[in-house]
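K.L.:
Residues per chain, in single letters:
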Amino acid sequence: MKSCQRCQYEVGTRAREAELPAAVEAHLASCPECAQFARDCAATVAALAALGDLQAPQDFRVTVRERVRRDCQVSKRLAGREVWHMPVLPARQAYVAAAALAVLIVVLGIAIHSLMPATGMALGPAMVQQPAGAAGGGHTMPASFVQPMLRQHQGMSSASPWHHDAGYYVAIND
Amino acid sequence: MTTRVELSPSQVQRLVERARSGDTLAFDELVSLYMDKIYSYVARMVGDPSEAEDIAQETFVKAFRNIKSFRGASSFQTWLYRIASNLTIDAVRRRKRRENTISLDAPVEGGDAGQITRELEDVTLAGPSGRLETAELQRHVHRAIQELSPKLRAVVVLYELQGLSYEEIAEILRCPLGTVKSRLFNARMELKEKLRDILAESDGG
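Chains A and B are the protein sequences, given in the same order.
Take the first sequence: its position 92, counting from 1, is numbered 92 in the numbering used here, and each next residue is one higher.
Take the second sequence: its position 113, counting from 1, is numbered 113 in the numbering used here, and each next residue is one higher.
Be a bit skeptical, because a hint or two may be false.
[To be verified] Quick look at which bits of chain B chain A covers, simulated, 3 or more residues with Cβ under 8 Å:
# : segment
1 : 6 to 16
2 : 28 to 35
3 : 56 to 70
4 : 83 to 97
5 : 179 to 188
Treat the hints as calculated values from the structure; they're not laboratory data.
Every residue gets a Cβ at the ideal spot worked out from N, C-alpha and C, and that includes glycine.
Start from the sequences, fold in the hints, and give me the full structure.
P.N.:
The following block contains the structure:
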């Protein structure tokens, strides 16, 4: 059985015009099954060879010439001007770049937010700043919330710690 | 039938050198030299004459575009076959994806004539034949080749029909020599089974 397999592989991969090894020839002479296999292989190869060569269509050469000429013209046009290409990152690098960009945005956001009270950017006419000595001092709160408390306070004491100036309530004592 | 003049390797090399320097006339000579071989290979691979023509033309256009990168490590013919092989295998894969949605053996509507059967093989691919039974056998062989997987088909076409050596095929398909031999063995075995009946019939008749 092993020698049949070996024989059939030798026959099936036989190179063109190559001699089969003597051991394979001897096996073929004594094994009808392998001999039939060899005949079938030979018939198959002959049938393939009978297909013959095909010829390219008549206008093939002219069409290729035309396509090559067009290709040359396009290449010359492209060579005449500078062509810019967007750099294309591999997928892994693109993910890393996107993550770095996201982190940068978050860090910048935190930094800007922490700087806002120091610059006074958020203070407006409708907001008041509590005196630094008061509970929660240094914070701002809406004027509509502060004004009723101030009126009540002014009714009890004339020495108000709050001074209204151009729409802002600011502390006048420490 | 036109006869092509065979050129010596040194003459081909000179044409390649001229083509590398942009000489389109030299490249035209190279096209003339190899167009039948490349067209024949592609046509046997894809089975459709018009698609084969387009792919074979694209092979030469691509070769001209990239000829400066051809360093002569392999022969110019091997290099051309490699380009053709890559384009062909891509085309076969694309078509296979399309065929997953349309069965090629399924009957299609044919207008007033009613239904016609979709024919896979084209008579122009059967090659020159003098007798009807030869043409019939050739159609069967052609169909059997088309039924092989692209890898087996490439090896059997390059070896049995194009007459290339194992070494050349290994270079074209960029695979070891042993792989070429085993693919050829498998292809021959598949074809032997597919053609068993028709060969027995033609042998008996």
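K.L.:
None of the hints should be skipped; say for each whether it holds.
P.N.:
Quick rundown of the hints versus the structure:
no., hint, in the structure
1, 6 to 16, "violated (count 0)"
2, 28 to 35, "holds (count 4)"
3, 56 to 70, "holds (count 6)"
4, 83 to 97, "violated (count 0)"
5, 179 to 188, "holds (count 5)"
Hint check: violations occur at hints 1 and 4; the rest are consistent with the structure.
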